[in-house]
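Trainee: Sequence:
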Amino acid sequence: VKNLKIMPYFRQKIGMIILVGVLVAALSFVILVIKEKKYKVTTDFLIVRNQTGNQDYYSLTKSAEYLGKVLSESIYSELFIGEVIKTGKVGEEFLSFDKGARVRDWNKIISVKRGPELGIFSVEVIGDNQKEAVRISQAIADVLVNSNKIFLGENQNVEIKVLTGPITENNPGLETIALVLAGGMILGVLFGFIWV
Numbered sequence: 001v002k003n004l005k006i007m008p009y010f011r012q013k014i015g016m017i018i019l020v021g022v023l024v025a026a027l028s029f030v031i032l033v034i035k036e037k038k039y040k041v042t043t044d045f046l047i048v049r050n051q052t053g054n055q056d057y058y059s060l061t062k063s064a065e066y067l068g069k070v071l072s073e074s075i076y077s078e079l080f081i082g083e084v085i086k087t088g089k090v091g092e093e094f095l096s097f098d099k100g101a102r103v104r105d106w107n108k109i110i111s112v113k114r115g116p117e118l119g120i121f122s123v124e125v126i127g128d129n130q131k132e133a134v135r136i137s138q139a140i141a142d143v144l145v146n147s148n149k150i151f152l153g154e155n156q157n158v159e160i161k162v163l164t165g166p167i168t169e170n171n172p173g174l175e176t177i178a179l180v181l182a183g184g185m186i187l188g189v190l191f192g193f194i195w196v
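Numbering follows this note's numbering, in which position 105 of the sequence shown is assigned residue number 105; successive positions increment by one, without gaps.
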């Protein structure tokens with residue numbers, strides 16, 4: 001009997017519950033826009049392992065996968081940051097001069113994504129200044145293509161090739177915005193439901 005009396009009450013308050021959902025979704029969107037940087041620059045790379053002797057395809061593929069992991073982790077290192085600065089495409093002042101803060105700041109603007117079991121990986125650079133983000137991406141490509149032996153060793157017989165990029169997009173993307181709005185709406189409706 002109590003459930004029958006509660007349901008009409010919720011029907012009366014459904015507008016309030018939806019309003020709370022819309023407000024939380026709008027607040028989530030505002031926080032996303034303020035927090036996220038404006039531009040994302042993506043470059044895709046391919047690791048080509050040149051065949052030496054009688055290596056089979058499987059061992060070449062596994063080797064390229066391993067080298068991709070090594071490079072992906074090396075990109076986050078202080079040594080890699082130093083090599084990026086040495087290219088002359090970016091100034092030393094774009095990051096903090098304190099070593100710990102420099103690595104932390106670098107890790108906030110760089111993201112590496114690897115394809116499963118392939119020698120292909122993507123490097124994303126995010127920033128508020130489009131030209132600077134593109135220059136950083138170009139410097140990373142320069143280091144990976146021309147100075148990869150620093151990270152992989154001299155006798156690896158490996159080439160790194162740029163597949164695509166740098167490609168500049170607005171950040172956050174439409175998918176991220178849609179997810180944040182949907183999540184905010186669902187969360188807001190739950191809050192509204194609990195409050196009512």
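Among the hints, erroneous ones may be present.
[Stated by the list, open to error] In silico EDC-like links for lysine to aspartate or glutamate, alpha-carbon gap of 20 Å or less: (1) K149 - E93; (2) K38 - D142; (3) K149 - E159; (4) K99 - E78; (5) K69 - E132; (6) K69 - E124; (7) K161 - D44; (8) K62 - E154; (9) K131 - E154; (10) K89 - E154; (11) K131 - E93; (12) K161 - E65; (13) K161 - E93; (14) K89 - D44; (15) K86 - D98; (16) K149 - E132; (17) K161 - E175; (18) K113 - D98; (19) K113 - E154; (20) K89 - E65.
[What the hints assert, rightly or not] Here are the in silico distance ranges between beta carbons for each label pair: (21) S59 - T168: 19 to 25 Å; (22) V30 - Y66: 14 to 20 Å; (23) G183 - V145: 21 to 27 Å; (24) V145 - Y76: 14 to 20 Å; (25) V162 - E92: 53 to 59 Å; (26) I34 - L190: 33 to 39 Å; (27) V145 - L19: 52 to 58 Å.
FYI, nobody ran anything at the bench for these hints, they're computed from the structure. Beta carbons: idealized from backbone N, C-alpha and C, even for Gly.
Trainee: Next, verify each hint and record whether it holds.
Mentor: Checked hints:
1. Restraint check: the Cα-Cα separation between K149 and E93 comes to about 26 Å, which exceeds 20 Å; the hinted pair is violated.
2. Annotation: proposed proximity of K38 to D142 is violated, straight-line Cα distance about 24 Å (limit 20 Å).
3. Restraint check for K149 and E159: satisfied, since their Cα atoms lie roughly 9 Å apart, inside the 20 Å limit.
4. Proposed proximity of K99 and E78 is supported: the alpha carbons are some 8 Å apart, at most 20 Å.
5. Distance restraint check for K69 and E132: the Cα-Cα separation of roughly 26 Å exceeds the 20 Å cut-off, and the hinted pair is therefore not satisfied.
6. In summary, the hint linking K69 to E124 is supported, as the alpha carbons are separated by about 16 Å, within the 20 Å threshold.
7. Distance check on the hinted pair: K161 and D44 sit about 9 Å apart at the alpha-carbon level, within 20 Å; holds.
8. For the suggested pair K62 and E154, the alpha carbons sit about 19 Å apart, so the restraint of at most 20 Å is met.
9. The straight-line distance between the Cα atoms of K131 and E154 is roughly 33 Å, outside the 20 Å bound, and the hint therefore fails.
10. For the given pair, K89 sits about 25 Å from E154 by alpha-carbon distance, which is inconsistent with the 20 Å threshold.
11. The straight-line distance between the Cα atoms of K131 and E93 is roughly 15 Å, inside the 20 Å bound, and the hint therefore holds.
12. For the given pair, K161 sits about 15 Å from E65 by alpha-carbon distance, which is consistent with the 20 Å threshold.
13. Straight-line distance between C-alpha atoms of K161 and E93 comes to about 28 Å, which puts the hinted pair past the 20 Å bound.
14. Proximity of K89 to D44 is assessed by CA-CA distance (about 19 Å); at most 20 Å being required, the pair is judged to hold.
15. Among the hinted pairs, K86 with D98 is consistent with the structure: their alpha-carbon atoms are about 18 Å apart, no more than 20 Å.
16. Using a Cα cut-off of 20 Å, the hinted pair K149 and E132 is violated, with the two alpha carbons roughly 26 Å apart.
17. Simply put, K161 and E175 have alpha-carbon atoms about 29 Å apart, too far for the 20 Å limit, and the pair is violated.
18. The hinted pair formed by K113 and D98 fails the criterion: a straight-line CA distance of about 27 Å is larger than 20 Å.
19. For the given pair, K113 sits about 25 Å from E154 by alpha-carbon distance, which is inconsistent with the 20 Å threshold.
20. The straight-line distance between the Cα atoms of K89 and E65 is roughly 29 Å, outside the 20 Å bound, and the hint therefore fails.
21. Evaluation of the 19 to 25 Å hint for S59 and T168 yields a failure: the beta carbon distance comes to about 38 Å.
22. A beta carbon spacing of about 44 Å between V30 and Y66 contradicts the range 14 to 20 Å that was offered as a hint.
23. A beta carbon spacing of about 39 Å between G183 and V145 contradicts the range 21 to 27 Å that was offered as a hint.
24. Between V145 and Y76 the CB atoms are about 18 Å apart, so this pair conforms to the stated range of 14 to 20 Å.
25. Restraint check, V162 to E92: a C-beta distance of roughly 25 Å breaks the suggested window 53 to 59 Å.
26. Under the hint 33 to 39 Å, the C-beta atoms of I34 and L190, about 24 Å apart, miss the expected range.
27. For the hinted restraint 52 to 58 Å between V145 and L19, the CB-CB distance of approximately 54 Å keeps it satisfied.
Checked against the numbered hints above, the structure violates hints 1, 2, 5, 9, 10, 13, 16, 17, 18, 19, 20, 21, 22, 23, 25, 26; every other hint is satisfied.
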